[in-house]
Amino acid sequence: MTAVLAVHDLHVAIGPRGRAANVLRGASLEVGAGEVRGLVGESGAGKSMLGRAVLGLLPANAVIAGGTIQFEGRDLLAMPEPERRSLLGRRIALIPQDPMTSLNPVKRVGAQISIMLRHHLALSKRDALERATELLTEVAIREPQRVLELYPHEISGGMRQRVLIAMAFACDPSLVIADEPTTALDVTVQRQVLQLVERLRQRHSAAVLFVTHDLGVVAKICRTMTVLHAGRVLEEGETVDVLAKPRHPYTRALLAATPRADRPAEALRPVPPALIESLWSEAHRLDGLAAAVPT
Amino acid sequence: MVDLAVSGPAQRPSRWQAGFGRGGQRLWLGSALVVLLFLVALLAPLLAPHDPIEQDLLSAQLPPAWMQGGEATFPLGTDSLGRCVLSRLMYAARTAVAVALIAASLAAIIGIAFGLIAGMFGGWIDQGVSRLIDVWMAFPPVLLSIVLAAVIGAGLTSVIAAIVVVDWTRFARVVRAETMVQLQRDYASAARALGLSRGQILRLEILPNLVPLIVTLFAVEMGIAILVEVILSFVGISVAGDIATWGGMIVEGRQVVYQAPWIMAFPIGCVILSVIGFNLLGDGLRAALDPVQRR
Amino acid sequence: MRWGEIIRRLVLIPPTLFGVCVIVFVLLRVVPGDPIAMMIPPGASAADIDRLRTFYGLDQSIPQQFITWFGQALSGDFGRSISLHQSVFELVLARLPATLELSAMATLIAVALGTVVALTGVYVRGRRAEWAIDGGIGVFLAIPDFLWALILLLLFGVLIPLLPITGRIDPQLDVTFKTNFYLVESLLTGRFDVASALFQHMILPALALALPFAALVARILKASLSEAEDQDYAQIARARGFSRPAILLREVFPNALIPTVALGGVQITLLLGGTVLVERIFSYEGIGNMAIDAVINRDFPLIQGLILTFAVLFIALNLAVDLLVTVLDPRLRHG
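Residue numbers (this note's numbering), protein chains in the order written: chain L, 799 to 1093; chain F, 4 to 298; chain G, 36 to 370.
Just chain L, with the same shape it has in the complex (with noise of 0.2 Å):
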């Protein structure tokens, strides 16, 4: 069976020619139908840009230096422009991180759904609205009528993550990425959005890459998961089995680093540097050497 997503030996860089970083050193990874994986690791180690270099939204001095991503078995990186954008926003949607800032300010709720409906799925402007009615109704936000109304500045944070969810799964994706969406969040909050999440991604038939540096969020929804640093996959598999029995010494010290609310509170463990360190330089000699290799 196709997996819905495939990423094959990603290779992304950052930055002017000749001093660009590279964020993503082969990276590959899969998510099959209806599979919740989380993509982990901490700041800086690439998983946003992953997210991302699917989505097509890398920032404009980004370069994709080798790799496939491959959506239901075609390659989105060569496809042509119209044709992805059919695909993104109803076939692939996004959760993005940061509720304050993802809605468009000066436009209703209900507007900024319904455009969406009309572009991807052709409705009419009254079919529009009742289907962002019930995407509302879904989210658990009472009132969707009212709400439908307002401006994004006139609910609450987490009011607006729902709704952004809601816009997530309004045409029925196949996939979708959450970018890290409970971060901006507290804790209260957090476990509502990850339950409708869960539900709606039952509802919906979805598969979803939850990319988050919160261990804790991918034991609780994430049935497998992928651990990503310094742009590498480090490890993945079944989440019960990488967090009962990490292989990596770095997917350990990252464990160990999480402070534990049901443990007797003891002084922070950080990943060691010196493992970080020969993490890097590993990368770095990697790189050397793929450099160096005559293509």
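These are computed hints drawn from the structure, not numbers from a lab.
A portion of the hints provided could be inaccurate.
[Claimed, not checked] Here are the simulated SDA-like pairs of lysine to any residue, each with C-alpha atoms no more than 20 Å apart in a straight line:
| hint | chain 1 | residue 1 | chain 2 | residue 2 |
| --- | --- | --- | --- | --- |
| 1 | L | K905 | G | I282 |
| 2 | L | K905 | G | A281 |
| 3 | L | K905 | G | P365 |
| 4 | L | K1043 | L | A1017 |
[Claimed, not checked] Here are the simulated distance ranges between beta carbons:
| hint | chain 1 | residue 1 | chain 2 | residue 2 | range |
| --- | --- | --- | --- | --- | --- |
| 5 | F | V218 | G | L194 | 35 to 41 Å |
| 6 | L | A920 | F | A35 | 55 to 61 Å |
| 7 | F | A63 | G | G225 | 46 to 52 Å |
| 8 | L | E947 | F | A35 | 55 to 61 Å |
| 9 | G | Y158 | F | L61 | 54 to 60 Å |
| 10 | G | G225 | L | A920 | 41 to 47 Å |
| 11 | G | L93 | F | A35 | 50 to 56 Å |
| 12 | G | A355 | F | Q258 | 35 to 41 Å |
| 13 | G | T224 | F | A63 | 47 to 53 Å |
[What the hints assert, rightly or not] Among the chain F residues that face chain G by a calculated CB cut under 8 Å, a handful are:
| hint | residue |
| --- | --- |
| 14 | I253 |
| 15 | I279 |
| 16 | N282 |
| 17 | D286 |
Backbone N, C-alpha and C define an ideal beta-carbon position, used for all residues, glycine too.
Given chain L, put chains F and G in place with the hints provided.
Just chains F and G, lined up with the frame of chain L:
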């Protein structure tokens, strides 16, 4: 955190190089135009083919040398009184530069004084000065300069006075804002803690940082001075008599614009080049000096 | 802007205008230059001069003069022009529509032109064409309206004699108007030949006024568009499959409009102020042109009336701009 960059050591350009790089073509072009203007102004007696006030009524309204009817002795033609246009243009450049330098200097001195006082002392002194500036700027500059020049009567003094009176606020506002910003900087507090008096702080810390800003404003101000002279010529309040000014030439040329358009066209060209030159210089200086200062 | 703020602004208008009146009044009287001297025929006797002075109230003390003038002004009588011998009110009213039409046309042109240039500039962001557009904007900004007036006059009035350079309308044209809004009236009554002639006379001065303002609008709008395009919501719109032009026009532009109107709107009074010289250069019969003559002739009542008119227009424009910002930005509307 480990540095992400992979390739060779970064070479930092010297401050001057960086400055000129940032200022870019604007700085070069602006400087070239301004230098050209200054040279013509300085060397007018040597460069001009004729005496600017020498009239030759038999050769009135001759077209430029390359057009039919023109004469080689009058490269740019003559005006209604038979005076050589080229020579008058050059001598008018002297007037323009003189007026621009004097007026800009005076405006700078007055504006900087007010700005420094307001910024340094704050409180109700600042309030008073700020209100004064607001009220002053509420008056339409054209009307203000016209009324003012009417007070002093026609002549270069009134032109200079008009420029100073209208535009000292430009310096005052910027210097005031910048002084207040500088005072809040750490090194100012440190200086105060060390026991330096206000005057010393002013001299040692603040003024050196204001210099780039003032230089930029000065360049812009000189451009404005040239324009004000033209405006006042239209209202008949600029220099009288034989002294050549670009504004005066334009006004005279306007009368005979159908018969002898060159009389108006050439001084317009000079004004445009000078103003663009000063603007580019100011723009380039701002780009070149600003980030260095802010760092 | 809440209603309270609007009312506060409206309430502040009369005292502001009063302040303007006082300042102008005093300034004029302090300035040397005797209006009577400007208008007397040679050979007038001292008695004649005194009589004229008394007729215009110039023999009274300054405060006395002010009280008289202000009292009459409140009832709509702004005195008689010393140089034109007509009621100031009627003179201003006769010429005001001309300036209003000119300024309105200039503003429309400037906004349209500036918007097109800004959108183009943002679309070619990062490419060499953007540098060219920025440079062009810089040049157009550096040249003030009256210089543009002179350039356009030279280029399209003299060197390539395409358009007229004097007045509002051809003297040969045999038309009568009911109002002084010539262009509006001719368009509304279907006299398109007249409208066309009027338009030809207006287009050069309107362009002169419009070009620097267009450059300003372009610069501010382009910067706002660039900044808005980098915001999260615009980036996310790309992830939803919308094309860049659609995003620029539909999502980014309404946001970028807000700071543009706020920053650029204040400058629109400069456009109005520019009418003084531009009308002069094109001999266009508006209040700007009249103002210059009034100053040259030291025609106090007329100058006062004109400055008051300009002040009212400035205040009205500023208020309109602020209201527009409130309309555009939903975040400002609610308490």
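Structure-based check of all given hints:
1. L:K905 x G:I282: holds (13 Å)
2. L:K905 x G:A281: The given pair, whose Cα atoms are some 15 Å apart, holds under the 20 Å limit.
3. L:K905 x G:P365: With Cα atoms ~8 Å apart, K905 (chain L) and P365 (chain G) stay inside 20 Å; holds.
4. L:K1043 x L:A1017: Holds, at roughly 14 Å.
5. F:V218 x G:L194: 35 to 41 Å: Holds, at about 39 Å.
6. L:A920 x F:A35: 55 to 61 Å: Holds, at about 59 Å.
7. F:A63 x G:G225: 46 to 52 Å: Hint holds: Cβ distance 49 Å, inside 46 to 52 Å.
8. L:E947 x F:A35: 55 to 61 Å: For E947 (chain L) and A35 (chain F) the Cβ distance comes to about 59 Å; the hint holds.
9. G:Y158 x F:L61: 54 to 60 Å: Holds: the Cβ-Cβ distance is about 59 Å, inside 54 to 60 Å.
10. G:G225 x L:A920: 41 to 47 Å: Since G225 (chain G) and A920 (chain L) have Cβ atoms about 44 Å apart, the given range 41 to 47 Å holds.
11. G:L93 x F:A35: 50 to 56 Å: holds (55 Å)
12. G:A355 x F:Q258: 35 to 41 Å: Distance hint for A355 (chain G), Q258 (chain F) holds at roughly 39 Å.
13. G:T224 x F:A63: 47 to 53 Å: holds (48 Å)
14. I253: holds (7 Å)
15. I279: With a minimum Cβ separation of about 5 Å from chain G (threshold 8 Å), the hint on I279 (chain F) holds.
16. N282: holds (4 Å)
17. D286: Because about 7 Å separates D286 (chain F) from the closest Cβ in chain G, which is inside the 8 Å limit, the hint holds.
When held up to the earlier numbered hints, the structure conflicts with none and fits them all.
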